[in-house]
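Participant: When you number the sequence shown by UniProt numbering, it's gap-free, plus one each residue, and the end is 282.
Quick caveat, the hints were computed from the structure, so don't treat them as lab data.
Hints are supplied without guarantee of correctness; some may be wrong.
As the list claims (entries may be wrong) - Per label pair, the in silico range of CB-to-CB distance: (1) Ser-278 to Glu-68: 19 to 25 Å; (2) Ser-188 to Ala-22: 43 to 49 Å; (3) Asp-35 to Gly-76: 23 to 29 Å; (4) Ser-203 to Thr-121: 37 to 43 Å; (5) Asn-67 to Ser-203: 29 to 35 Å; (6) Thr-121 to Glu-241: 42 to 48 Å.
Said to hold, decoys possible - Taking lysine to any residue and the SDA-like style, the derived pairs with C-alpha atoms no more than 25 Å apart in a straight line are: (7) Lys-73 to Ile-107; (8) Lys-118 to Arg-103; (9) Lys-225 to Leu-163; (10) Lys-176 to Ile-65; (11) Lys-245 to Leu-262; (12) Lys-176 to Glu-68; (13) Lys-226 to Leu-163; (14) Lys-245 to Arg-277.
A virtual CB, placed ideally from N, CA and C, is assigned to each residue, including glycine.
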Amino acid sequence: MYSALVVGCGGAGCRVVSRICASFDFPALRINVSDADINVVPDSGNTDVGFKGDRDEAYYHAMFIHNEEIVEKIRGHSTIIGVAALGGGTGAGAIIALAQCARSLDIPFISVVYMPWKFETERRSEALKELPDVQKVSDRMFLMDNESAKELGETTINMGRALEGAELLMKHVAVKVAILAETTPFLSLMSSRCYTFSYGSESSLLGSVEQALAFPLYPTDPVGKKVVICPDAPASDLERELVVKTVADRTGLCPDFVQGDLEEGNGAFIFLPISCRSPDSS
């Protein structure tokens, strides 16, 4: 039984966690406005500001009246992993409340979050405002920008498929992060504060790693000391040596290699340390 807890924060985060629970035996918690383990309601004592939606200040305040309930739900777990889409208010508000509760119990808090597409103008603007606050409360943050995953579908007719693809990516990276938190000295392995990631799936491990390097999912230059390579299945010494050399040559960063735990497969995740500046800055 896993001791890390995955927490869906807001509607999108809850959908991702539901996908995780359908495939993996992770303890899970969902925080949302309805149909969740913790249903956030507006502060009944605040009569000056009505509950008008996710971005209302009263909504953020409402998150914190649930702190005692959140603390009881997360107590006893080794790591808390909050999953959210930024820009709506729900996800970021829940992430911040959750992180503060985890800190009060001295439990490491990891956020796995993603940014809206550029055409979602208002949500993206709000996400850029929320991003520094989420980074500030996270011991480690893993970040994806949907705009960097355009191959998932660029047109309106494909947006349903694109959204599903984004949520599946978030599911798989949240699971990988949760497993690493269980099986490695995680904060030492992921020694930078903020990471983006990518996944490659080719006929060879080297091909998968090269594919992942070509499509990082947050458009900033890597900064920090090392890249972390996580193949799906165990690699031979020769494969490992070749992959590590290739990544070092391409990035100029020292790679760490974590052997996979699946019986077979050539796919691989790569985690790249980033500065976490705005993806829309010039």
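Participant: Is it true that the CA of Lys-225 sits at most 25 Å from the CA of Leu-163?
Facilitator: Given that 25 Å is the threshold and the Cα spacing comes to 32 Å, the pair is violated.
Participant: Take the C-alpha atoms of Lys-118 and Arg-103, compute the straight-line distance between them, and say whether it is at most 25 Å.
Facilitator: violated (33 Å)
Participant: Can you let me know if the beta-carbon spacing of Ser-278 and Glu-68 is within 19 to 25 Å?
Facilitator: With a Cβ separation near 35 Å, Ser-278 and Glu-68 fall outside 19 to 25 Å, so the hint is violated.
Participant: Under the criterion that the straight-line Cα-Cα distance not exceed 25 Å, is the pair Lys-176, Glu-68 satisfied?
Facilitator: Violated. Lys-176 to Glu-68 sits at ~29 Å, over the 25 Å cutoff.
Participant: Can the suggested window of 23 to 29 Å be confirmed for the beta-carbon pair Asp-35 and Gly-76?
Facilitator: At roughly 25 Å between Cβ atoms, Gly-76 and Asp-35 fall inside 23 to 29 Å, so the hint holds.
Participant: Assess, step by step, whether the Cα of Lys-245 is no farther than 25 Å from the Cα of Leu-262, and give holds or violated.
Facilitator: Holds: Lys-245 and Leu-262 sit about 23 Å apart, inside 25 Å.
Participant: When you check the alpha-carbon spacing of Lys-245 and Arg-277, does it fall within 25 Å?
Facilitator: The given pair, whose Cα atoms are some 28 Å apart, is violated under the 25 Å limit.
Participant: Would the pair Lys-226 and Leu-163 pass a check requiring their Cα atoms to be no farther apart than 25 Å?
Facilitator: violated (30 Å)
Participant: Straight-line Cα separation of Lys-176 and Ile-65 no greater than 25 Å?
Facilitator: Between Lys-176 and Ile-65 the Cα gap is close to 32 Å, so the pair fails against 25 Å, i.e. violated.
Participant: Quick check on a hinted range of 42 to 48 Å for Thr-121 and Glu-241, using CB atoms only.
Facilitator: holds (47 Å)
Participant: Can the suggested window of 29 to 35 Å be confirmed for the beta-carbon pair Asn-67 and Ser-203?
Facilitator: Roughly 50 Å apart at Cβ, these two residues miss the hinted range, so it is violated.
Participant: Take the C-alpha atoms of Lys-73 and Ile-107, compute the straight-line distance between them, and say whether it is at most 25 Å.
Facilitator: The hint holds at about 13 Å.
Taken one by one, the earlier hints fail for this structure at numbers 1, 2, 5, 8, 9, 10, 12, 13 and 14, listed in ascending order.
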